[in-house]
Amino acid sequence: MATQASRSAARLMISPSVILLFLWMAVPLGMVIYYSFRRYRLLNPDRAGWAGWSNYSNFVFSPDFGGALVNTLILVLGVLLLTVILGILIALLIDQPIWGQGPVRILVISPFFIMPPVSALVWKNMFFNPSNGLFGELFKYLGMPPYDFLGQAPLASIVTIVAWEWLPFATLILLTALQSLDGEQLEAAEMDGAPPLKRFFYIVLPHMSRAITVVVLIQTIFLLGIFGEILVTTSGGPGTASTTLPFLIFKKALLDFDVGTAAAGGIVAVILANIVAIFLMKAIGKNLD
Amino acid sequence: MARAVTPARKTVNTAAAWIVALIIFFPILWTILTSFKPEPVAVASPPVFLNFDWSFDNYRTVIQQRGYGQFFWNSVVIAFGSTILGMIIAIPAAWAMAFVHGPRTKDLLMWMLSTKMMPAAGVLVPIYLIAVYFKMLDTQILLTVVLMLMNLPIIIWMLYTYFREIPVDILEAARMDGATLFNEIVYVLTPMAVPGIASTLLLNVILAWNESFWTLNLTAFNAAPLTKFIAGFSSPQGLFYAKLSAASVMAFLPILILGWFSQKQLVRGLTFGAVK
Chain A
0 MATQASRSAA RLMISPSVIL LFLWMAVPLG MVIYYSFRRY RLLNPDRAGW AGWSNYSNFV
60 FSPDFGGALV NTLILVLGVL LLTVILGILI ALLIDQPIWG QGPVRILVIS PFFIMPPVSA
120 LVWKNMFFNP SNGLFGELFK YLGMPPYDFL GQAPLASIVT IVAWEWLPFA TLILLTALQS
180 LDGEQLEAAE MDGAPPLKRF FYIVLPHMSR AITVVVLIQT IFLLGIFGEI LVTTSGGPGT
240 ASTTLPFLIF KKALLDFDVG TAAAGGIVAV ILANIVAIFL MKAIGKNLD
Chain B
0 MARAVTPARK TVNTAAAWIV ALIIFFPILW TILTSFKPEP VAVASPPVFL NFDWSFDNYR
60 TVIQQRGYGQ FFWNSVVIAF GSTILGMIIA IPAAWAMAFV HGPRTKDLLM WMLSTKMMPA
120 AGVLVPIYLI AVYFKMLDTQ ILLTVVLMLM NLPIIIWMLY TYFREIPVDI LEAARMDGAT
180 LFNEIVYVLT PMAVPGIAST LLLNVILAWN ESFWTLNLTA FNAAPLTKFI AGFSSPQGLF
240 YAKLSAASVM AFLPILILGW FSQKQLVRGL TFGAVK
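Chains as they are written, first to last, in numbering that gives the first Met the number 0: chain A, 0 to 288; chain B, 0 to 275.
Keep in mind the hints are simulated off the structure, nothing from the lab. Be aware that a few hints might be false.
Claimed, not checked - Not everything, but these chain B residues come out facing chain A in the computed CB check (under 7 Å):
1. Val4
2. Lys9
3. Ala15
4. Phe25
5. Pro26
6. Pro39
7. Val42
8. Met116
9. Ala119
10. Pro253
11. Phe260
Glycine included, C-beta positions come from ideal geometry on N, C-alpha and C.
From just these sequences and the hints, can you work out the full model?
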């Protein structure tokens with residue numbers, strides 16, 4: 000039905016979006032690449048000049064980088080593991096015939112709508128605080144010494160907070176996938192005497208595999224950028240114990256005012272994110288045909 | 000895949016599901032309860048659940064002394080402004096791609112999505128420098144534009160997946176009956192597109208409201224939205240749990256309620272149509 004006229008009209012309708020997104024991508028990226036090869040400190044702007052690869056080597060070989068990379072991996076993998084496994088279990092539970100499925104869904108999805116600084120501060124103060132937090136109270140009740148969660152296990156604590164934020168997303172998507180499963184197939188398997196675990200691993204899990212892939216990829220994109228939670232809980236500390244890659248770049252740029260090194264870090268982050276993105280695009284692209 | 004089970008089994012499942020749901024919801028419930036407590040009760044040991052003098056004092060304090068109103072207004076302007084601006088740009092594009100499906104439409108859509116993969120931290124430096132150069136730091140306009148650009152691919156994708164479901168045959172039927180392009184759009188397509196547009200709007204307002212990388216890094220006070228307001232509580236002075244809770248409730252309640260309405264569309268929207 001596409002005539003020549005409607006095609007050119009379509010091009011006109013699409014072009015504002017394309018131009019804006021192109022600028023939004025190309026201009027900052029071009030600038031980051033440029034600055035990543037420049038010596039540029041906001042506090043000392045006179046000493047500007049080409050820096051060669053020194054910003055990259057400063058960033059990559061700084062003692063903080065390795066730690067930040069490991070912390071980022073722990074954060075992403077920890078949250079993925081928790082949300083996918085718990086998400087599957089909770090989705091299986093909610094999918095059973097129960098009374099009040101609607102309200103249960105609403106309660107489970109709620110944390111997803113809470114803004115990250117709120118989630119982080121509520122957990123930090125009202126749960127993790129060793130003297131006034133609820134976990135502290137629980138420890139006291141059990142006769143255990145107080146434990147400073149964010150001081151002694153900062154990364155695990157942040158993983159907990161972020162997993163709480165993303166568990167609803169995983170659960171909801173896995174539940175949606177589960178609800179499209181053909182019940183007759185399961186009943187047939189049941190009649191043939193397949194035990195529940197076998198039914199789960201041979202029928203339910205394969206059916207959910209696509210949804211699991213999507214959850215993992217989309218969450219990874221968002222988790223690689225986790226920032227607000229770290230800023231308001233530990234500010235990357237103690238020391239650098241909970242400094243992730245985005246947080247390290249933020250520190251270089253807006254705390255050390257070292258634009259060049261931060262830009263080099265930005266390029267590293269872009270490359271890492273693109274590796275994930277390639278897989279995500281493949282998974283989503285399949286659905287377009 | 001719901002199947003018939005015995006009432007006993009259903010009771011057990013129901014109890015288990017509700018317990019899990021309440022555990023997940025508990026931090027939110029606890030925040031709401033704490034917001035009504037006097038400060039000493041908020042940190043009482045052992046913790047007090049319901050048995051205290053409920054009052055709105057914390058809300059009053061937060062509104063009057065912490066300038067809640069301005070932050071709230073900034074959040075409204077930035078979240079709705081960026082989403083509506085994005086919709087104005089995205090609707091024609093999604094429309095054209097859905098109804099004039101060309102050979103390169105798929106590539107174009109994937110390319111748009113790929114701009115979303117750019118990590119915010121990676122482009123923090125240039126965006127910050129551009130903002131400084133144009134003296135736009137800490138302005139509503141900057142935040143509105145940045146969040147609009149950030150969410151534009153999601154908006155286009157969501158609209159596209161909704162528009163794709165509008166049957167093209169109806170258009171042809173209308174055309175046969177002599178409808179002009181204008182009539183076609185106003186009387187045939189728009190009514191069918193409204194639900195998709197509404198849920199796209201809703202979900203993107205939620206995403207923009209909660210966005211906390213750009214809103215924290217590009218604002219100081221004038222354009223600071225509720226994310227910044229709450230982050231301001233991270234270095235506490237004295238007793239503040241109840242006030243923090245009241246501020247938190249005021250920051251999340253409007254969006255939580257919007258979220259409950261949008262949860263059915265959430266899956267589709269956030270998986271770009273890959274899970275339905």
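Going down the list of hints, with the structure as the test:
1. Val4: 6 Å, holds
2. Lys9: Hint holds; lysine 9 of chain B Cβ to chain A Cβ min 6 Å, cut 7 Å.
3. Ala15: The hint holds - alanine 15 of chain B has a Cβ within 7 Å of chain A, the shortest such distance being about 6 Å.
4. Phe25: It is violated, given that the least Cβ distance between phenylalanine 25 of chain B and chain A is near 9 Å, above 7 Å.
5. Pro26: 6 Å, holds
6. Pro39: 11 Å, violated
7. Val42: 4 Å, holds
8. Met116: 4 Å, holds
9. Ala119: Nearest chain A Cβ about 5 Å off; hint holds.
10. Pro253: 10 Å, violated
11. Phe260: 10 Å, violated
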